[in-house]
Amino acid sequence: MKIPILKLHDCLLISIQWELDDETALQFQEDLLNKIYQTNARGVVIDLTSVDIIDSFIAKVLGDVVHMSKLMGAQVVLTGIQPAVAITLIELGIKLNDVHTALDLEKGLKKIKMELGE
Amino acid sequence: MDKKIANYIKTHKELILSRWKSEMKEQGDERFVRVVSNRVFDGASQQFIDLIVSNLMESNEEFSQRLHKFAENVVHIGWPLNFVTQGIRKFNEIIFHGMSEEGVVTRENYMEFTEGFDKWFGPMNDEILSTYTSTWERTVTLQKIALKELSAQLIPVFEGISVMPLIGTIDTERAKQIMENLLHGVVKHRSEVVLIDITGVPIIDTMIAHHLIQAAESVRLVGAKCMLVGIRPEIAQTIVTLGINLDSLITKNTLQAGIEAALEMTNRKIVGVEVES
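Here the protein sequences line up with chains A and B, keeping their order. In this text, residue positions in the first sequence follow full-length UniProt numbering: the first is 1, and each later residue adds one. In this text, residue positions in the second sequence follow full-length UniProt numbering: the first is 1, and each later residue adds one.
Pulled out of the complex, with its shape left as it was, chain A reads as follows (with noise of 0.2 Å):
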């Protein structure tokens, strides 16, 4: 199953909206990088409000996923972690320190137009 990634102006909009399992996010880092480089998007939310439970394989992938993402010159910003998925990423470790997060997509736009400085 793909992830569909959506198209809004220069931003990109990704809802994930099931558990990842590990092929599927490797599918979607690529897809999402082949996409900033044919769309030149500045900007990406990730939205992970229906994602109940992740694990330390996919926080990564998410983590390298927002590194490469800036590296083609798009910012990235994740929107509307669970608090139990959140406990759990502290828990093992992962700080996600320099990734951008909102507490919904609406404010995630705002965060990201902000970011883009419109």
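Hints may contain errors.
As the list claims (entries may be wrong) - In silico SDA-like pairs for lysine to any residue, Cα to Cα no more than 25 Å straight-line:
1. A:K95 <-> B:H210
2. A:K113 <-> B:K225
3. A:K107 <-> B:P156
4. A:K60 <-> B:E217
5. B:K188 <-> A:T49
Simulated from the structure, these hints should not be mistaken for laboratory data.
With chain A held as given, fit chain B onto it using these hints.
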């Protein structure tokens, strides 16, 4: 056979009692003997012996009632559990020795008597143990409820700004609850800035600091900012002396300063209203 034992106890009551008391005082923790007055000790010992004798004389129901009363009484006095079980065992030993000295217990009926004694002391031990554990369990549950009452709630003060006042010592279990309340509260109230007020926390050690940092980081992951307010001078001293790095947190000395900063972060400020005179 039960009657033999009962008769022996009845006739030698005083002797057994005095022997038992002296042995128990020897055995018992000095601290403990000092705490329990002689009168209480004598009273309980007397009750103990009566109870044992009654076991042989009375019907089962009466006995179990008395046993229950006795166990509750012992718990109420606050005798340590090991002291009580030791007491029962010692009592057992004294009677057994006494009886073999008098020749009541012989090699032939040894097994029979041992069995008799077991039947006797088994339920007593069980009852006392269960009374103790139920008392402890009750205490623990009560304390857990008290802890829950104490543990922090997130209070929204302005739109997008919430405060979590912490009072009392924080342990791992409580820290977990704080973190959960904090995160769920942030999502529920859609807070942008959360202030954790530690004015009421008496001491900060590395463990608590670790939990606070963890909480702050998870708040950031959820998409809000976390601020630590209410840092008293001695707390600041401790934090630096312990070498705890709180750089990842925004810190302020008072809740007031924290709220001002939080308003600033959300592009707001408090202004005075001009009053027309």
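Each hint, compared with the structure:
1. As the CA atoms of K95 (chain A) and H210 (chain B) are separated by approximately 14 Å, the hinted pair is consistent with the 25 Å bound.
2. Pair hint K113 (chain A) plus K225 (chain B) holds up; C-alpha atoms about 18 Å apart against a cutoff of 25 Å.
3. Taken as a hint, the K107 (chain A) and P156 (chain B) pair is honoured in the structure, with Cα atoms around 18 Å apart against an allowance of 25 Å.
4. Distance check on the hinted pair: K60 (chain A) and E217 (chain B) sit about 17 Å apart at the alpha-carbon level, within 25 Å; holds.
5. At most 25 Å may separate the alpha-carbon atoms for a hinted pair to count; K188 (chain B) and T49 (chain A) meet this at roughly 13 Å.
Every hint from the earlier list agrees with this structure, and none is contradicted.
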